[in-house]
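Put together the whole structure using the sequences plus the hints.
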Amino acid sequence: MTTIPTTTNRRILVIDDNRSIHDDFRKILAPADAADDDFDAAEAALFGTAKQSQTFTIDTASQGEEGLHMVQRAMAEGRPYAMAFVDVRMPPGWDGIETTRQIWQVCPDMQIVICTAYADCCWSDVQEQIKPRDRMLILKKPFDIIEVLQLAISLTEKSRLLLESKMHMQELEQRVKQRTQELEVARQAAFEKASLLDLSRDAIMVCGLDHRITYWNKSAERLYGWTAAEAIGRLMADLSDRSTDTFQLACSAVIESGEWDGELQQIGHDGRRLVVEGRWTLLLEADGRPRSILVINTDITERKKVEEQLLRAQRMESLGTLAGGIAHDLNNALTPIMMSIELLKLHEQDAVRMGVLATIENSARRGADMVRQVLSFSRGVEGQRVEVQAGHLLKGIEKIASETFVKNIRVNSDIPTDLWIVLGDPTQIHQMLLNLCVNARDAMPNGGSINLSASNHLLDAQCAAMITGAKAGPYIVIELEDTGTGMPPEVIDRIFEPFFTTKELGKGTGLGLSSALAIIKSHQGFIRVSSEPDKGSKFQVYLPAQMQEGSSTPSQVPAAMTRGKGEMVLLIDDEDAVRQITGQTLESFGYQVLPASDGVEASTLYAAHKENISVVLTDMMMPVMDGPATIQVLMRMNPDVRIIAASGLSVKDMVAKATSAGVKHFIPKPYTAETLLSMLHTVLAAQPVALSA
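Counting along the sequence shown from 1, when you hit position 361 you're at 361 in the numbering used here, and nothing is skipped either side.
Careful: at least some of the hints might be erroneous.
Claimed, not checked - With a Cα cut of at most 30 Å, we get these calculated DSS-like pairs of lysine-lysine:
no., residue 1, residue 2
1, K305, K218
2, K177, K158
3, K141, K131
4, K395, K521
5, K305, K521
6, K218, K140
7, K166, K131
8, K538, K305
9, K395, K345
10, K399, K521
11, K304, K395
12, K27, K140
13, K140, K158
14, K395, K538
15, K538, K565
16, K538, K399
17, K141, K158
18, K407, K565
19, K399, K345
20, K27, K158
21, K657, K610
22, K305, K395
23, K395, K407
24, K131, K158
25, K565, K610
26, K141, K27
27, K521, K471
28, K538, K471
29, K166, K177
30, K535, K407
Stated by the list, open to error - Here are the in silico distance ranges between beta carbons for each label pair:
no., residue 1, residue 2, range
31, S318, K471, 38 to 46 Å
32, E308, L284, 17 to 25 Å
33, T244, A286, 31 to 39 Å
34, S318, L458, 41 to 49 Å
35, K538, K471, 41 to 49 Å
36, R175, D134, 22 to 30 Å
37, S318, G288, 49 to 57 Å
Just so you know, these hints were derived from the structure itself, not from any lab. Bear in mind the structure is a predicted one, so any value in this text is a computation, not a measurement. All C-beta atoms, glycine included, are put in the ideal place defined by N, C-alpha and C.
Here you go:
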C-alpha cells in the first residue's frame, strides 16, 4: 500500500539572472533566524496551523537551462521542488515562458510563479504559448514580502495536496486493477463451474423459494426440451405430473429438513413422460435464512422401463412355471377321458349316445389344444412346419371370438374356399390370429365389429422392393379390421415394441402384438397396419404360400386301430386314472398290462418279469423316482429294453430329457388310443437295438 506524505515539501527553486533577486528570496523565505515570528504568523494566519520552526529551502539558478538541469537532478534524487519563481526575462538564454515549458515537460505538476513587470508579459500570450491551466501565477515586480510569503506557503501546500491526490488516485487505480483482476478470476472460475455444470449429464437447476427457475443447465435443456431462456422464470410445477402429489411433498420436505431425494414423474416440453431421480438441497444466506433450492435431476426413464420389463419377464417366467404345472395335471386328467371315450365307442351302437360321446371327445380335444397353446405362449415349443389350411384356422378363430367376446362385438368373416396352402406351425399361426383379435376387442370398449377376410395375392418384385422384409412370390393375405378407437401415427410406430401398451397399468402386458410380429417374421411374412383415431384399425398379415388349393373341410378319415398279439406292457404312471384307463385300453386291443405307480415299483417288477416284458410305457414326471431315473435303471438291467416316454409337460423339454436318457420314442399327453396303439405297433415292429445307458 502506498504511503501518503503528511508534510509539505518546502523546496523552492528561484531562476533569475539577477543574483540580488536570489538574495531577496532567501531573506524572505529562508531568513537566518529560523524562528522568525513574522513568517510563522503569516503561515498560521493563512492555514490555521500551529507555528512551525522550519522555513523554506531555497535553491537558485541564473539561466533557464541551469534551472532545468537542477529540476531533473532533484527528481532523480527523489527530492523534487514544490515550486519555482521564474523571471520572465533572462538574456541571453531562455526567457521565463520557454523555461516553464521545458520544466513542465520534465515535471508537469510543478507550480510556477512568473516574476515580471507590468509591461513584460501578457496573460493571453502566456496561455496561447504554454497552456498554464492552474499551474502558473504571475507575480508583478516589485513584489511585496507578504505576497511572496503567501505564494510560497500556498503553492507548496498545493503541491503537497496535488501529490497526495495523485498518490490517492494511483492507490485507487491499483485497488481497482487488483479488484478487476479478482473479479476476472472469479468470473473465470464461475464460467468454468458453469461449463462443468453444462457438461454434467444431470439436469441441474436453481429455483427461488417461490419455485421459479433462476438457473438451467444444458443437460436440463436436453432432458426437458426447453432452452434456458424459455425455462428461466417458469414455475418448477410446470415440469411435474399434476396427477401426483410427489412434487408438493418434495417441496415441503426440502424446506423442512434442508434436503430431499426421491423419484418424480415429470413431463417434457413435447409432452413426453419422464421419470427422474431428484436430489434437492436448500441453499442458505450467510445469516442462515433460506435463499433458494438447488435441484439435481437424473433421467431414469429408460432404467425404469428396463426394470418394468424385467419384472414383467419374471412374471411371465413365473406364469410359464405355473402353466407348466397346470398343463401337467390337466393333461393327466384329459388322457383317461379321451381314452375312455374311445373304449366306450367300441361297444356303443346307440346313435344318441354316440353323439354325446362325440361331444365329450371334441370338448376334451379342445381342452388339450388349449393346454398346448398355454404352454406355447408361456414356454415356447419347437415350431412345426406342416401344410396349414388358413381357412380352417380363421373359421376356428371366428368361432372362439364369437363365443368368448362380449355380445356387443360382432365377428364377421369372408373366407374363400380356394385359399392357397401355408407352410408353417398351425399352433403359432392360431396364436398370432388370436392375439390380433384380442387387440381389436380391446380397442372397442363400447362394442363394434371385427371383420376377418383372406385372399390369395401374388406379390411382384417391384412391390416387394417397396416393403421391408418382403420377397416376391405367392402370399395369403389375412385382413383383420375393427371399428375401434384407432391409433395416431406416433402410437402405430411403437405398437410392436415388447411391453409397449396404451392400456392402463395391470390391463395389458404389451406382449400380444410383439409376439404376433415374431411369429409372422418366423414364417418369413410381414404385416401392414393402417389406422386413424376414431376410425378403427386394419391389420394385413402376409404369409408366404404354396400355389395349391386346400380342402374346404378338414379330413375326417378315421385311422385303423392296430391290435396287439399278447405282448406285455410295463405301464408306469403315478396317476391312478391314467393307469386304469390306459391298462383297460391296451387289454381291449390284445396286450397284457403290468401296472406300476412309480419308478421304484417299476424297477422291481421289471427285474422279476423282464423276460416277458416287451415294451415299457413310462411317465416322465413322477414322485419318488422320476422317468429319466427309471429309464436309466431299466437300461442297466437290459440295454435292449424298448421304452416309450410320455409327459404332459412341454414337448420340447421332455423330448430332450427322454433323448438324453437314451429313449427314441415319445408321445405327449393327453394321447388317444389311436396314438398309443400306433406307437406300440411302431416300436414292437422295429428290430431290437442296443441303447447306451
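Handout entry: Hints that the structure is at odds with (numbers, increasing)
Key = Hints 6, 11, 15, 18, 22, 32 and 35 are the ones this structure does not satisfy, whereas the remaining hints hold.
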